[in-house]
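Could you build the full structure based on these sequences and the hints that come with them?
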Amino acid sequence: MIDCQCVEFLQWALPRLQMCWPGFRKVRKQVCKRIDRRIKQLGLMDVAAYRAYLQASSAEWSVLDSFCRISISRFYRDQSVFDCLGGEVLPSLASLAQERGDNTLRCWSAGCASGEEVYTLAIVWKLRVEPQHADVSLRIVATDSDPELLDRARHGCYFISSLKDFPREWLPVAFDQQDNSYCVRPAFRDPVELVLQDIRYVIPEGTFDLVLCRQLAFTYFDEALQRETLQQILAKLQPGGIFVAGKQEPLPAGCLELEEYRPRMGIYRKRS
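Reminder that position 199 of the sequence shown reads as 198 in numbering that gives the first Met the number 0, one-by-one numbering, no gaps.
The calculated lysine-lysine pairs, modelled on DSSO-like cross-linking and capped at a C-alpha distance of 27 Å, are: (1) 235 / 125; (2) 125 / 269; (3) 269 / 235; (4) 125 / 246; (5) 25 / 246; (6) 28 / 39; (7) 246 / 269; (8) 235 / 246; (9) 163 / 246; (10) 163 / 28; (11) 25 / 39; (12) 125 / 163; (13) 163 / 25; (14) 28 / 246.
In short, the hints are calculated from the structure, not lab data.
Given the structure is predicted, the values throughout are model-derived calculations rather than measurements.
In structure tokens form, the structure reads like this:
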């Protein structure tokens with residue numbers, strides 16, 4: 000499929016999925032390849048025929064929706080963010096939990112992909128925070144809409160390319176090397192519960208001290224869906240809790256419930 004044809008198609012189709020074209024501009028090749036394979040699988044002539052097929056088959060929209068899941072992840076992605084989480088945010092939240100008589104810190108990672116983010120969080124907690132807050136445990140609910148990515152997360156083994164930003168000194172502590180893979184050790188997998196959920200339709204039960212939703216809603220969703228998603232997240236976040244978006248992701252304007260925790264890092268605190 001010619002790139003300009005795919006761009007035109009995505010600009011037509013994405014708004015019907017409540018997604019926005021600017022979020023896909025730089026990653027469109029991945030989506031276009033999936034669409035091209037689908038066109039051939041269906042025996043259609045070209046993208047124009049696929050567009051007509053979508054207009055005639057409402058069920059095909061869910062297939063197209065699955066092609067628009069972008070998974071670009073690695074351990075310790077955005078190093079400064081995880082340095083801040085380990086050095087400031089998690090210790091502060093642990094102290095708040097202790098003050099209210101709670102011995103469990105609850106985190107939700109929305110759009111966890113194949114698990115790099117949540118296992119990074121568990122490792123940071125175990126190696127940096129737990130020694131000073133031994134009376135507090137961390138529980139992480141990790142949700143994603145892609146069952147294949149969740150299967151990879153459950154397997155918990157990764158190529159070294161996924162660990163290029165990970166602190167070298169932690170590598171032998173947190174991982175077992177098996178052939179060409181590095182597998183997360185059980186102690187760092189135990190706090191994580193992996194759940195098949197699409198944030199657009201369902202969210203976890205209970206409230207959370209920390210919510211991460213990075214490179215998902217506020218990159219790929221349209222403005223109306225961004226606002227709806229943010230309100231759902233805020234309803235789940237404890238007063239004084241921390242919300243983490245992507246460093247380059249602007250939140251919908253006019254949200255008075257959040258204050259910036261660290262400038263230009265995508266870290267916010269919910270006002271008490």
